[in-house]
Amino acid sequence: MTVIEETLGMSKAGDASPDERVRRLTAWHLLMGRPELGAIAGAILVFGLFGVFAGDSGMFAIDGVMNWAQVAAYLGILAVGACLLMVGGEFDLSMGSMIGFAGVMVAAPVMYLGWPAWVAVIFAFAGAMALGLLNGYLVVRTKLPSFIVTLAFMFILRGLTLVLSTYFANGTIISGVGDRLADDPIVRTLFVGSTGAWIFHGLASLGWIEVLAGGEPVVNGIPKVILWWVVLGAVAAFVLARTRAGNWIRTVGGDANAAKNVGVPVKRVKISLFVFTAFCACLFGVLQVADVGSAAADRGLQKEFEAIIAVVIGGTLLTGGFGSVVGACFGALIFGVVQIGISFTNINSDWYRVFLGAMLLLAVLFNHYIRGRAAAGK
Amino acid sequence: MADDFILELDNVSKYFGTVIALKDVTLRLRRGEVHCLLGDNGAGKSTLIKTLAGVHPPSTGQYRVDGKALAFRSPREALDMGIATVYQDLALVPLMSVARNFFAGREPVKKLFGLLPVMDMAHANATAVQKLADMGIAVRDASQLVGSMSGGERQCLAIARAIHFGARVLILDEPTAALGVKQSCNVLKLIHTARARGISVIFITHNVHHAYPIADSFTVLNRGQSLGTFAKADISKEAVLEMMAGGSEIQGLFDELEGRAA
Ligand SMILES: Nc1ncnc2c1ncn2[C@@H]1O[C@H](COP(=O)(O)OP(=O)(O)O)[C@@H](O)[C@H]1O
Ligand SMILES: [Mg+2]
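From first to last, the protein sequence lines stand for chains A and B.
Note that our numbering has the first sequence beginning at 738, numbered continuously upward.
Note that our numbering has the second sequence beginning at 3, numbered continuously upward.
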């Protein structure tokens, strides 16, 4: 601005757009407000594709559905945490390693220290969340990108998992823990197996689902991981959309400096989000140990990337401040359907990663082309 | 003592590493006055008001509110005391809606089913639309993203927000920079109304036509130091212009443009 303009501020008449024009709601505007629409469309597309190419393969029979829903649920749990954190403007690359580490935090004390299963599970959650706290604290304290801080933890935790499992089990797998978890009433109720068998028995007696030779229905309950996913997703979506904390998460991710200036406790919000992602990763780990019956040093490998991909497909911006938990859940669903669905077709399953990479690229281009314009004010 | 100061900075210095942004600045804001802060770019005006707003703790010196020394740990504490600020960068998030921005950090809460505390979006939307309408900005939909608003509209949003929450002190850092004549006029009217309601105002501007009519007193900053505070009665418009960036040069230019020999 020249000195004259600055002094003769009056000459700038008409700079601002006319006030009295009332804006119209456009389809564009609707899209901006609903980041999950892309992922929902993607999910419909994927269902459509597999419906055509694998429709009669059993993929959409009840056991096939449980199969891909379970894959989606595991990733979905992770994606819910990653989504809130990314809306809050940060990443957690240590989530995958945390899954393996949490598994060892459960299995090693139970198998080698004689702890009751429920104590070990609480210990694992406390330990994971403390590590999340440390992650968050280091990020807000050092102001380093969370990418680099959590990359360090990705290696540290993976390494520690290996060290601990070697120390205790003299190998990379701690096995035999499944029965111990199933024997503990609290742990069994919360994490082991499936629930709602009566529904499926009912459906079977009505002849709606297939029955095995022994008289049991092919599917004997909803895996608990799916329930966890639904509950966690619903709670997180509610928090982000409706609560004060949700508004803080968006503000912090949208512009941390602005957030601070308007009185949002930026550090507290960010640290809490890191604790929550650690919680999600630990939940994944515990459910998996309960399901597989063992802990292993390579559990959760690369899951952090899959979670980030699911979140991005769900319409969340990599730059933070804008996103949707529902979208992230649909992103995870796409993952599950593609990963399992491909094996129902005669397409070589090596194409799985190619497909997901392409999805990611498409989603990022879409998000950043369309929504980046909103950030730039165009 | 007849003087009743609501905010006082006493010999405040602020250092950013090796940069001396403020050096022994004393500034006193009388209750109910409009106090204009003048100075060249980089003089330290924004740093000064951020100190008042609780963003920066002073490196040395004392900050008093209502005569009591205190140290804000965050802008939230200043806001809780009714000190609201329009920052030069506006502190708005483009990817959030008008209503969410308006209430960021101070969300209205209601109980869902008498149990769950949720943001009262209906109230937030209605208030944001109403307060913007008061400033002459018509938004039909408070869920519109701020990123889709013009610079002037955003500035009005930031001002409307500060006025809504600035129960006692309103701090405005170049609030009219992106505004046209009519909106600038609105802002000046708002400052006037605020003063009439007993609110104290600190107002930063480069525009002497905005500063002089509305202000009760002027403080001039130069390279991080205060050149003093002047009551309106003691200083002419020309002298204020003189003290603002390149004052004398501007006057010369005016004369030249108007065809008079400098
Ligand atoms: N956060 C900061 N870190 C380092 N230097 C800063 C910071 N904020 C302001 N400064 C420096 O302090 C000086 C005064 O800046 P500022 O208060 O923005 O001036 P004004 O608002 O009067 O134009 C400038 O030299 C600026 O570079
Ligand atoms: Mg400034």
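No wet-lab data here; the hints were simulated from the structure.
Among these hints, one or two may not hold up.
Okay, derived cross-link-like pairs now, DSS-like style, lysine-lysine, Cα gap no bigger than 27 Å in a straight line [claimed, not checked]:
no., chain 1, residue 1, chain 2, residue 2
1, B, 70, B, 133
2, A, 880, B, 52
3, B, 133, B, 113
4, B, 184, A, 1004
5, B, 191, A, 1004
For each hint, the structure was consulted:
no., hint, result
1, B:70 <-> B:133, "violated, 33 Å"
2, A:880 <-> B:52, "holds, 21 Å"
3, B:133 <-> B:113, "holds, 24 Å"
4, B:184 <-> A:1004, "violated, 40 Å"
5, B:191 <-> A:1004, "violated, 38 Å"
Hints 1, 4, 5 from the list above are not met by this structure, while the remaining hints are.
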